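One letter stands for each residue in the lines below.
Number of protein chains: 2
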Amino acid sequence: MPSALRIGLAGLGTVGAAVVRLLDRQAEALTSRTAREIVVTGVSARDPARDRGVDLSAAKWFDDPVVLARSGDIDIFVELIGGAESVALASVEAALFAGKSCVTANKALLATHGMRLAGIAEEKGVALSFEASVAGGIPIIKTLREGLAGNSIERVYGILNGTCNYILSRMETEKLSFAECLEEAQRLGYAEADPTFDIGGFDTAHKLAILTSLAFGTAINTQAIAVEGIQSITLADLEAADELGYRVKLLGVARRTEDGIEQRVHPTMVPKTSSIAQVMGVTNAVTIDADAVHELTLVGPGAGGEATASAIVADIADIARGVRSKPFGLPVGELVKAEIAPMQLHLGGYYVRLSVFDRPGAAAAIATRFAERDISLESIVQRRRPGVHAEPQGAVPVILITYATHEATIRAALEAVVADGFVALAPQFIRIERE
Amino acid sequence: MPSALRIGLAGLGTVGAAVVRLLDRQAEALTSRTAREIVVTGVSARDPARDRGVDLSAAKWFDDPVVLARSGDIDIFVELIGGAESVALASVEAALFAGKSCVTANKALLATHGMRLAGIAEEKGVALSFEASVAGGIPIIKTLREGLAGNSIERVYGILNGTCNYILSRMETEKLSFAECLEEAQRLGYAEADPTFDIGGFDTAHKLAILTSLAFGTAINTQAIAVEGIQSITLADLEAADELGYRVKLLGVARRTEDGIEQRVHPTMVPKTSSIAQVMGVTNAVTIDADAVHELTLVGPGAGGEATASAIVADIADIARGVRSKPFGLPVGELVKAEIAPMQLHLGGYYVRLSVFDRPGAAAAIATRFAERDISLESIVQRRRPGVHAEPQGAVPVILITYATHEATIRAALEAVVADGFVALAPQFIRIERE
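Residue numbers (my numbering), protein chains in the order written: chain A, 20 to 454; chain B, 20 to 454.
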């Protein structure tokens, strides 16, 4: 048997400790599968004294992860420090330049510097693996990079942020407000003290950037992603969605269109019967539409120490078996700069919720504004009596579902409705994604 | 770039033709991904004259697939002949002995001879790949073999036969009988003229045998699988299931128990809220419970030319990139002979439908037979008036849902109920599988 494969692990938080535990627990099976013994020989973290509940006595301690990354004591560098800049970047670069394969869960790093890092890995003939960076324990990177190698992909979309899905699920099932659910998520440790990164859609955007590159063979371009968070979603929206046969999810969607690759993150109405609509709580899911396989959906845990460690250990096992995939499937030099399909050209159905002054003919006048722009309505629901949700004095809720139209068109129609003075509040609209 | 990778393809039915088409359509991308050109240089099929809508002019024709398999003109042999014996077996053996990697979609071959073939592949240092053999386009083999390498798997279960799922879905949604739906499936080409292999559960059993080996590191043992088909499922069962919050699916289930590995194929009640319950029509789905990843579900097409070809081309691409996984994850010599957990020891909930003579105290007497054996009932539904489904003269339906009990116990209770003379028909029972 070849010599042991020596792992250097930087970052010993929940995920790092879980990786150590998993490598230990599965040591025998991993050796059988990969024909190599896998041992953690070097570690680095901020606090050497902290008890992490794992035995690190056999590993050498490094105060500086960059020194660990280029150390002769390790063969693979596992970066679990986090953050796109400074020490995470410096250590991964150092490891790659030293000819060591790298495994990372760092989506921000990949979304920002992934192309350059992949280029270095390719030049050095080493692996840069990042299964854990998107959708935690779901093997979506492997599926896109290897499992669907024979497909031309049309669309990839998914629930990529557990915090947002937890909040939306709780709002719906417990009839709570966004603020109440956010507070609860923070109390349970599902959301950060500053939740902007999650609920604003930025975490999903980083993950989508990586999936887009793998799916379409394009260079990562985070600037091309239209990002909206879930802050504006109200219980009234979720209840209206429910009544109309939909559920609201924060989706990351990348799609091949005539105008280029569309990349967007926003609250989305999905049919209640779709696979993705069943995904509740902190669970993640990704659906891929491709020419040969048609539709494939993967559902699993998007976060958590052990689930994330599962992905990291799978990457390590692949490297141990000698697998050297191109990080983004294709050689970096062949990843194309995608045409950006602007959101104004987005074609899809829309849910619109209006707070309409309760005057005779208001609904008809609004419908006219849509008809003028050739927007067909799938349904229109007007309630005489205000619902349980407070509307401004003298206003009633009107919900419209449109057939496919362009984003520019729906926005123009809504501007006209507002200009007409029919509505008491700014219109709410949510894009609909169909299977 | 290294020389082209030469494919020999035996079997040019729907799947074979789709493989040729996909390799052609994705030629450029595959070359970029694998750094090798992939060309079909040899083909074999029964009828050389038949028009398959694909250009095979560059490939050499072989009347005998065994001659193709060991031909110096090919590097990889793709077996799409089907059947566990004779020419499929002979050609795969010939290819492996000649030191050529093999790709096959042949679940019967693998379930019957997989261990021996994997041993030859291992000895010769070549690949034996079979992603297409289970769940068509779903990359479940890769997921079990590579994606979950860091996990200890507790259970793997799924909808592995599209014909059965189509029939059960149609029965439920269209309120049709089993016979009507089977006939429809045959008309649409979803079921064979002799449907026994599908509806009797044997196709699912072959696939389950392969998944079990990959999931638990055990040698394939098809004899260990308890197999029941869907022939006995009636619309009355589906409607009762619906009312109680369940749906009926033909599942293949393999589970690690205290008594060994349990392998079983039977109609199963699953909670309507579970991922697997959402899977309708010919779609397949597999769920894996594992210690690190917790729960992972993959949903996609289980059959069809292009979807199956997607899996075959992915296998070819892996081989082209130089990947040589052990066919069943571990070296064949390390696959253990699993203890077989007998069905009598199966522990789970049960749905029981009885046709009870409408006499005072009958239901209470039946409940007593369950109570005597410490079987707790989750629910009991007795209808005074017979439902839409004909019961024998003087009988009414009684539905019971039990909490977890042993198969031997429930069978004994039902025998007692029958011996008491309370029921007009043999009891129906369906096992319940919970998430």
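Hints may contain errors.
When chains are identical, the list treats them as one kind, so a pair holds in a single copy or across two.
To be verified - With a straight-line cut-off of 20 Å between C-alpha atoms, the simulated SDA-like cross-links for lysine to any residue are:
no., residue 1, residue 2
1, Lys356, Val85
2, Lys143, Gly118
3, Lys143, Ala54
4, Lys356, Glu141
5, Lys194, Glu454
6, Lys356, Ser51
Source of the hints: derived by calculation from the structure; they are not laboratory data. If you're wondering where the values come from, they're calculated on a predicted model, not measured in any experiment.
Consistency of the hints with the structure:
1. For the homomeric pair Lys356 and Val85, neither the shortest alpha-carbon distance inside one copy (32 Å) nor that between copies (47 Å) is at most 20 Å.
2. For the homomeric pair Lys143 and Gly118, the shortest alpha-carbon distance inside one copy (6 Å) is at most 20 Å, but the shortest distance between copies (31 Å) is not.
3. In this assembly of identical chains, Lys143 and Ala54 lie within 20 Å of each other by CA distance solely across copies; the values are 16 Å between and 24 Å within a copy.
4. For the identical chains of this complex, Lys356 and Glu141 are intra-copy neighbours only, at 19 Å inside a copy versus 42 Å across copies, given an alpha-carbon limit of 20 Å.
5. Taking the shortest alpha-carbon separations for Lys194 and Glu454, neither the intra-copy value of 27 Å nor the inter-copy value of 25 Å comes in at or below 20 Å.
6. In this homomeric assembly, Lys356 and Ser51 come within 20 Å of each other (Cα to Cα) only across copies, at 16 Å, whereas the closest approach inside a single copy is 42 Å.
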